[in-house]
Amino acid sequence: MSQEERLDIVEGTDEDGNRLLLSVEKYFFYNGEEYVVLREVDGEGKPTTQGESPDTVYIMRVAVSTDEDGEEIEDFEPVEEELVERLIPVIRARYDTMDSVEKPE
249 MSQEERLDIV
259 EGTDEDGNRL
269 LLSVEKYFFY
279 NGEEYVVLRE
289 VDGEGKPTTQ
299 GESPDTVYIM
309 RVAVSTDEDG
319 EEIEDFEPVE
329 EELVERLIPV
339 IRARYDTMDS
349 VEKPE
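Heads up: take any position in the sequence shown, counting from 1, add 248, and you land on the numbering used here.
With a straight-line Cα cutoff of 20 angstroms, these simulated EDC-like cross-link-like pairs (lysine to aspartate or glutamate) come out: (1) Lys274 to Glu320; (2) Lys274 to Glu288; (3) Lys274 to Glu328; (4) Lys274 to Glu259; (5) Lys294 to Asp256; (6) Lys274 to Glu322; (7) Lys274 to Glu333; (8) Lys294 to Glu259; (9) Lys274 to Asp256; (10) Lys294 to Glu273; (11) Lys274 to Asp323; (12) Lys274 to Asp303; (13) Lys274 to Glu325; (14) Lys294 to Asp262; (15) Lys274 to Asp290.
Please keep in mind that the hints were generated in silico from the structure rather than gathered at the bench.
Work out the full structure, taking the sequences as your base and the hints as a guide.
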């Protein structure tokens with residue numbers, strides 16, 4: 249995986265504390281706030297699949313902060329289930345490639 253590709257992969261944890269690798273798929277704005285769609289990937293950056301089920305994607309709010317050196321940092325924050333339910337149709341309308349959208353725990 250090249251350095252450029254690695255920049256689009258973020259590491260997180262699931263509700264059980266297991267390590268997840270997530271690929272940044274799309275950024276979008278909704279009601280003035282920025283959100284990101286993340287897709288679970290394996291160590292080589294390839295989408296993970298669970299048998300015949302579609303890939304798992306997550307919707308997160310983008311929170312921008314500044315570190316001590318003045319550099320902007322993007323943090324991805326989970327969103328409420330009610331908001332996820334409103335965002336799913338927006339994402340599907342804009343990006344018809346999303347098969348399954350799940351909220352992070």
